[in-house]
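> Sequence:
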Amino acid sequence: MDSQTSTLQRGPEYFAKLAERFGHAPKIVISSNDFHLHHYEVVPGGWRHEPLDYCRIAVQQVGSPRMVRAIDGRSERQLRPAGHISVSPSATSQSWSWDQKMQMSLLFVANHILEELSVEAGIPLDIGMRTPLAEDDKLIRSSVAHLIEEHSRGFGVPQLLIGAAGRHIAAHLLFAYSPERDVDLTGRMADWQLKRAIEFIHSHACEDIGLAELAGSTGLPPHYFCRIFRKTVGIPPYRYLLNCRMEAAKRLLVTSDLAVTAIALEVGFSSHAHFSTAFKRLVGQTPAAYRKAVSPNVVLPS
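If you read the sequence shown in the numbering used here, its first letter stands for residue 1, the second for the next number, and so on.
Since the hints were derived computationally from the structure, they do not count as laboratory data.
All of these numbers come straight from a predicted model, not from anything done at the bench.
Glycine is no exception: its CB is placed at the ideal position from the N, C-alpha and C atoms.
A few of these clues could be false.
[What the hints assert, rightly or not] In silico DSS-like cross-links for lysine-lysine, where the CA-CA straight-line distance does not exceed 27 Å:
1) K138 x K231
2) K292 x K280
3) K250 x K280
4) K27 x K101
5) K17 x K27
6) K250 x K195
7) K138 x K101
8) K292 x K250
9) K138 x K195
10) K195 x K231
11) K138 x K27
[To be verified] Cβ pair distances, simulated, as ranges:
12) E41 x E199: 41 to 49 Å
13) G234 x E50: 43 to 51 Å
14) D257 x Q100: 52 to 60 Å
Using the sequences and the accompanying hints, generate a full structural model.
If you want it as structure tokens, here you go:
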């Protein structure tokens with residue numbers, strides 16, 4: 001096996017290609033640099049793979065199969081009810097099988113992200129994490145469901161949202177599945193850090209901001225930034241970004257005669273439909289209805 005193939009086989013792209021060979025092609029693929037979410041609808045069967053450079057979390061969406069997992073030759077079996085998760089370690093050869101048709105989502109978390117977070121949190125990775133075959137974890141289940149719901153809207157999933165969700169789940173893994181859990185991350189952002197973060201968001205609100213870029217403006221690690229921003233401001237960074245876009249859009253709807261599509265592109269949305277869906281969800285009415293209600297004398301562009 002050449003070095004290019006060896007590199008490929010350690011990542012989610014390799015895993016998806018391998019799954020296809022076993023008859024299980026992913027129905028949904030959501031990707032960023034360090035986090036990848038695949039959704040599968042599979043018939044009874046299985047797959048096996050060589051070591052990956054990613055920790056993998058499976059979320060059972062539909063069905064309650066009896067799972068059989070072998071890690072480096074050590075086998076275990078357990079019923080995995082709908083809504084439960086499995087955590088699979090990286091750097092291990094694994095084989096899996098299941099006894100019924102089902103749907104599941106697989107989240108891949110890059111090893112180096114777990115390593116970075118472990119250093120920040122003071123939790124050594126070499127003590128090992130628990131890797132349950134079936135566990136009820138509401139945080140992971142709801143986070144993955146939110147990403148799939150966002151994808152289902154048909155407008156793509158923003159990088160900031162993928163990165164924030166991925167790091168939130170990765171940190172949760174360290175805290176909830178590790179024996180060492182005595183880290184205090186309950187502080188608040190310094191005034192200058194908050195000012196920089198707010199300025200960065202406003203300056204780049206029309207762009208697909210990455211979490212690393214936003215956190216970098218404050219000098220904070222990305223995951224710690226997410227937690228401390230939410231504690232300080234009261235909402236996650238991505239929601240703050242959306243609010244900024246909505247405020248800019250409302251100003252343009254009232255003070256300009258730009259078409260709604262032009263306003264959508266101006267404030268950072270990829271399409272009229274995406275903008276209208278987000279606007280109605282956050283403001284409570286469509287952009288056109290808002291414009292008519294606030295400025296009834298404005299003649300809408302064709």
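> Next step is simple, just say for each hint if it's right about the structure.
We went through each hint and held it up to the structure:
{"no.": "1", "hint": "K138 x K231", "verdict": "holds, 21 Å"}
{"no.": "2", "hint": "K292 x K280", "verdict": "holds, 14 Å"}
{"no.": "3", "hint": "K250 x K280", "verdict": "holds, 12 Å"}
{"no.": "4", "hint": "K27 x K101", "verdict": "holds, 15 Å"}
{"no.": "5", "hint": "K17 x K27", "verdict": "holds, 13 Å"}
{"no.": "6", "hint": "K250 x K195", "verdict": "holds, 23 Å"}
{"no.": "7", "hint": "K138 x K101", "verdict": "holds, 23 Å"}
{"no.": "8", "hint": "K292 x K250", "verdict": "holds, 12 Å"}
{"no.": "9", "hint": "K138 x K195", "verdict": "violated, 33 Å"}
{"no.": "10", "hint": "K195 x K231", "verdict": "holds, 15 Å"}
{"no.": "11", "hint": "K138 x K27", "verdict": "holds, 23 Å"}
{"no.": "12", "hint": "E41 x E199: 41 to 49 Å", "verdict": "holds, 45 Å"}
{"no.": "13", "hint": "G234 x E50: 43 to 51 Å", "verdict": "holds, 45 Å"}
{"no.": "14", "hint": "D257 x Q100: 52 to 60 Å", "verdict": "holds, 58 Å"}
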